[in-house]
Amino acid sequence: MIGSSATEPITVGLFVTCLVDLMRPTVGFATVKLLRDAGCKVSVPKAQTCCGQPTYNSGDNPDTRAIAEKVIEAFEGFDYVVAPSGSCAGMIKHHYPSLFANDPEMRPRAVALAGRTFELVSFLADVLKVENLEAAYDGIATYHDSCSSLREMGVKEQPRALLAQVKGMTLTEAPESETCCGFGGLFCVKYPDISGRMVDAKVDDIIATSADTLLSGDLGCLMNIAGRLHRRGSNIRVRHIAEVMAGMTNRPPLGEPVEKEKPRKEAG
Amino acid sequence: MESTTAAFRENTSKALSDAKLRDALSNLTDGFPARRREAIARLPEFDALRDAARDIKDHVLANLDFYLEAFEARVVEAGGTVHWCRTAAEARTAILRTCKTAGAKTVTKGKSMIGEEIAINEHLEEHGIEPVETDLGEYIIQLRHEPPSHIIAPAIHLSKEQVADTFRDKHRHLSPGRSLDEPRALLDEARGELRRKFIGADVGLTGANMLIAETGSIVLVTNEGNADLTYSLPRVHIVIASLEKIVPTLEDATTILRVLARSATGQEMSVYTTFCTGPKRQDDLDGPDEFHVVLLDNGRTGMLGGEFHEMLRCIRCGACLNHCPVYKAIGGHAYGWVYSGPMGAVLIPGLIGLEEAGHLPNASTLCGKCEDVCPVRIPLPRMLRTWRRRQFERRQTSYPSRAGLRAWSLIARRPWLYRLGADIAVAALAALGRARGRFRWLPLAGGWTQLRDLPAPEEGGTFISRYHLGEHGDGA
Numbered sequence: 002m003i004g005s006s007a008t009e010p011i012t013v014g015l016f017v018t019c020l021v022d023l024m025r026p027t028v029g030f031a032t033v034k035l036l037r038d039a040g041c042k043v044s045v046p047k048a049q050t051c052c053g054q055p056t057y058n059s060g061d062n063p064d065t066r067a068i069a070e071k072v073i074e075a076f077e078g079f080d081y082v083v084a085p086s087g088s089c090a091g092m093i094k095h096h097y098p099s100l101f102a103n104d105p106e107m108r109p110r111a112v113a114l115a116g117r118t119f120e121l122v123s124f125l126a127d128v129l130k131v132e133n134l135e136a137a138y139d140g141i142a143t144y145h146d147s148c149s150s151l152r153e154m155g156v157k158e159q160p161r162a163l164l165a166q167v168k169g170m171t172l173t174e175a176p177e178s179e180t181c182c183g184f185g186g187l188f189c190v191k192y193p194d195i196s197g198r199m200v201d202a203k204v205d206d207i208i209a210t211s212a213d214t215l216l217s218g219d220l221g222c223l224m225n226i227a228g229r230l231h232r233r234g235s236n237i238r239v240r241h242i243a244e245v246m247a248g249m250t251n252r253p254p255l256g257e258p259v260e261k262e263k264p265r266k267e268a269g
Numbered sequence: 024m025e026s027t028t029a030a031f032r033e034n035t036s037k038a039l040s041d042a043k044l045r046d047a048l049s050n051l052t053d054g055f056p057a058r059r060r061e062a063i064a065r066l067p068e069f070d071a072l073r074d075a076a077r078d079i080k081d082h083v084l085a086n087l088d089f090y091l092e093a094f095e096a097r098v099v100e101a102g103g104t105v106h107w108c109r110t111a112a113e114a115r116t117a118i119l120r121t122c123k124t125a126g127a128k129t130v131t132k133g134k135s136m137i138g139e140e141i142a143i144n145e146h147l148e149e150h151g152i153e154p155v156e157t158d159l160g161e162y163i164i165q166l167r168h169e170p171p172s173h174i175i176a177p178a179i180h181l182s183k184e185q186v187a188d189t190f191r192d193k194h195r196h197l198s199p200g201r202s203l204d205e206p207r208a209l210l211d212e213a214r215g216e217l218r219r220k221f222i223g224a225d226v227g228l229t230g231a232n233m234l235i236a237e238t239g240s241i242v243l244v245t246n247e248g249n250a251d252l253t254y255s256l257p258r259v260h261i262v263i264a265s266l267e268k269i270v271p272t273l274e275d276a277t278t279i280l281r282v283l284a285r286s287a288t289g290q291e292m293s294v295y296t297t298f299c300t301g302p303k304r305q306d307d308l309d310g311p312d313e314f315h316v317v318l319l320d321n322g323r324t325g326m327l328g329g330e331f332h333e334m335l336r337c338i339r340c341g342a343c344l345n346h347c348p349v350y351k352a353i354g355g356h357a358y359g360w361v362y363s364g365p366m367g368a369v370l371i372p373g374l375i376g377l378e379e380a381g382h383l384p385n386a387s388t389l390c391g392k393c394e395d396v397c398p399v400r401i402p403l404p405r406m407l408r409t410w411r412r413r414q415f416e417r418r419q420t421s422y423p424s425r426a427g428l429r430a431w432s433l434i435a436r437r438p439w440l441y442r443l444g445a446d447i448a449v450a451a452l453a454a455l456g457r458a459r460g461r462f463r464w465l466p467l468a469g470g471w472t473q474l475r476d477l478p479a480p481e482e483g484g485t486f487i488s489r490y491h492l493g494e495h496g497d498g499a
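Protein sequences appear in the order of chains A and B.
Each residue of the first sequence is one higher than the one before, counting from 2 in the working numbering.
Each residue of the second sequence is one higher than the one before, counting from 24 in the working numbering.
No lab work stands behind these hints: they were computed from the structure.
On a predicted model such as this, the values are computed, not experimentally measured, just so you know.
Please note: incorrect hints may appear among the correct ones.
[Stated by the list, open to error] Sample of chain A residues at the chain B side, in silico, Cβ under 7 Å:
{"#": "1", "residue": "Pro10"}
{"#": "2", "residue": "Asp61"}
{"#": "3", "residue": "Asn103"}
{"#": "4", "residue": "Gly185"}
[As the list claims (entries may be wrong)] 30 Å max Cα-Cα, derived BS3-like pairs, lysine-lysine:
{"#": "5", "chain 1": "A", "residue 1": "Lys191", "chain 2": "B", "residue 2": "Lys43"}
{"#": "6", "chain 1": "B", "residue 1": "Lys220", "chain 2": "B", "residue 2": "Lys128"}
{"#": "7", "chain 1": "B", "residue 1": "Lys193", "chain 2": "B", "residue 2": "Lys220"}
{"#": "8", "chain 1": "A", "residue 1": "Lys191", "chain 2": "B", "residue 2": "Lys37"}
Cβ coordinates follow ideal geometry from the N, Cα and C atoms, glycine included.
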């Protein structure tokens, strides 16, 4: 492992993403633990907010650039920047450089940051080469490939390889694991009926696997799918993959109340 | 064709509540992608072929004037005529004039999206000429007075029962006892009708999958052979094609053929692939006496060198439609004009205006599947974002949206303000959602909660606040 040698540990700036910050801090803590266990020196810049996707995907490039400049400032100086999200990491990696294409001052800084930015799961597997996760999970899980992780960040085998190290877990594949869940950021509230049909198809596909747990690397997809699963009365547990890999599953699954913790054993 | 694109919301709600459409679409989108996957698995060099196809198209687009003029010279040498048309109206005029000169009463037609784009059928009808679609799908929707809902499978929105009903309604001679339960029976019925039309037609109008500069040939790709009867039986063959269909050589054409059918239907080749060059020569046994190519620009040269340049690589295979989860949800008619799916969402605003088609680039999750399957690697998601950017720049984005984006940007740029707001909002939502862990309804979140619950935030505050207070999370 890179960080376990006698040399300086590699430094990682955690870009936790606004959804994790606001909705699911456990994913942030799990990410910190996974990175530290692998020998990284992790910092969490306080100045971070959002990567700018809501404005970017709405065509508002001036506001996006203003947000991106703040992100670039906050995350310069780390060996790597890691986000527990393919979507936000993809924004920094692929879209920041093109946003500043005509800005000679910002463009090199955006390109440099892009080169150091990774999605969590691929960072653990491809850069840190994590091979011995100390985690256990009792359940049958299926993994949803988020569009950005899969198609922007090249994440496909890495989560499967890492989940194979989790004791007690069986991983079962959903035939349509690569199909979009219909979240799409503001898309899901701008076109709720189309988004609803898409997430319904996604939920059908997940239920048909007989898995009791749904995992993914992007909280946006997970909130969308969990929301539809709950509305349809399913008791499939929904978690970010980082929670499971870090063994941080004491909190109830996404969208479940703390009180319902105990009877959950029968669920699924 | 009159556009209903501005009524996209109404179109989609109608489509989403149509159970028959839902069944038809699930058949389509499950079938073609699976067959495409199998076809590609049998061809390890498929991705290299995609690169080659992309490079051919890029080369052509960089030298379009040269290849178009070379094509024209070869067509003329072979005894044909090229009609250069800047607009749909000019193309309609050129076709009508040619038909009238030929004294045409009936025109048989092969499937052509450009024919749809310039609404040639309506134009011919208005001038007393009967156009007869000969592609089975096109024939069915012509009987029903519907536009195509898919660029390669125009009647894909219909079940075979609906087709049988249409034939019973329109084919007056059909005996009530005749069974039309099977697709084969439907095909035979259409064939019987069309055979008479093929023989009686004065002009055959086809599209072209490619135009070949080296030889002046046009390439027709079908699975029914209808295009072959359409061009070879009548006295006059008119080809209608947009100018980006040109490729330099026969060799290039075969490269594109190798990715075309595999991407479209998962076939290695379509059943019929025909190269037509000029009118009938002296020793030919059959073929038309006249050969006309109507070359349409209709805004395409305006796309050259701009942000939608790569869209001109499109070979109209339909792979982006077949794999699009939005198309699968709403079908083609909801897009409201000739094209649909991701390629339609990029192309339509350029052809009929961003104001009319403003919904289309927005009704996408930007999931990237279209670019992933595109045989010529068109960056469709990037182009959808470009349209959104232009809308924003032209202030076509609604005022509430713009105000919301501005507010979000102001907060996101000020971490202290963001933290303050986040801590208050999260504490309030976590407290409210504590009992159930989720919300069935929240003010201003109707778009979300209409069909799904909203998970409540974790209790205890935001990550950044908790982390900087020294917390390590649970179970650590």
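Here's how the hints hold up against the structure:
1. Because the beta carbon of Pro10 (chain A) sits about 18 Å from the nearest beta carbon in chain B, more than 7 Å, this interface hint is broken.
2. At its closest, the beta carbon of Asp61 (chain A) sits 5 Å from a beta carbon of chain B; the interface hint therefore holds under the 7 Å criterion.
3. With a least beta-carbon distance of about 14 Å to chain B, the hint placing Asn103 (chain A) at the interface is violated under the 7 Å criterion.
4. Given the 7 Å rule on beta carbons, the hint for Gly185 (chain A) holds: about 3 Å separates it from the nearest Cβ of chain B.
5. At roughly 26 Å between alpha-carbon atoms, Lys191 (chain A) and Lys43 (chain B) fall within 30 Å of each other, so this suggested pair holds.
6. A hinted pair counts as satisfied when its Cα atoms are at most 30 Å apart, and Lys220 (chain B) with Lys128 (chain B) qualifies at roughly 11 Å.
7. Note on Lys193 (chain B) and Lys220 (chain B): the hinted pairing holds, with a Cα-Cα distance of about 15 Å set against a maximum of 30 Å.
8. At roughly 17 Å between alpha-carbon atoms, Lys191 (chain A) and Lys37 (chain B) fall within 30 Å of each other, so this suggested pair holds.
Consistency note: the structure conflicts with the earlier hints numbered 1, 3.
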